[in-house]
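Throw the hints in and build the complete structure from the sequences for me.
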Amino acid sequence: MICEACGKPTKTRRSFSNLLSLETHHICERCYRKYPVSFTHRHIPVESGTVDLHTVVLSKHKTHPRAHMSFLKPLYLGFVESAFDAFIYFDEIDSDAYELLDMLEFGRLFVVALYGDINKKKEKSHEI
1 MICEACGKPT KTRRSFSNLL SLETHHICER CYRKYPVSFT HRHIPVESGT VDLHTVVLSK
61 HKTHPRAHMS FLKPLYLGFV ESAFDAFIYF DEIDSDAYEL LDMLEFGRLF VVALYGDINK
121 KKEKSHEI
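Per the numbering used here, the very first residue in the sequence shown carries number 1; after that it's consecutive.
Treat the hints with care, as some may be off.
In silico DMTMM-like cross-links for lysine to aspartate or glutamate, where the CA-CA straight-line distance does not exceed 20 Å [unchecked claim]:
hint: 1; residue 1: Lys-34; residue 2: Asp-91
hint: 2; residue 1: Lys-34; residue 2: Glu-92
hint: 3; residue 1: Lys-8; residue 2: Glu-29
hint: 4; residue 1: Lys-73; residue 2: Glu-4
hint: 5; residue 1: Lys-73; residue 2: Asp-91
hint: 6; residue 1: Lys-11; residue 2: Glu-29
hint: 7; residue 1: Lys-73; residue 2: Asp-85
hint: 8; residue 1: Lys-73; residue 2: Asp-52
Keep in mind the hints are simulated off the structure, nothing from the lab.
The structure presented is a predicted model; accordingly, all values stated were derived computationally and were not measured.
What follows is the structure, encoded as structure tokens:
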């Protein structure tokens, strides 16, 4: 496997129990420790409903989006099991995306952003 974050080839330890299993993660252990996955959730009221914003990685360094794609499965399952009106995915969310979400009139939105910048979130305050 080639790590999507650093581009270095990595070897996976194989045994009889995982010999035929596919590799689902596209990130090596070193990069996983350097850019950890930290799920955050924010509930943002908008004009015609609410936005549940889920951010997967809080890091200033942007890696290839495929590096953290395998960690999105719990969020997909959370959307399927809940009563949201729409699912929207962003690689990186910024202030323009917040304004776009404010204009949409879909009701309850389930928004997943792979990368969220902490500084931009603090600038844009979404208080009730």
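Here is how each hint holds up against the structure:
1. Lys-34 to Asp-91: holds, 19 Å
2. Lys-34 to Glu-92: Given pair Lys-34, Glu-92 holds - Cα atoms ~19 Å apart, limit 20 Å.
3. Lys-8 to Glu-29: holds, 11 Å
4. Lys-73 to Glu-4: Holds, at roughly 18 Å.
5. Lys-73 to Asp-91: holds, 15 Å
6. Lys-11 to Glu-29: holds, 11 Å
7. Lys-73 to Asp-85: Status holds; Cα separation ~19 Å.
8. Lys-73 to Asp-52: holds, 16 Å
The earlier numbered hints are all upheld by this structure, with none contradicted.
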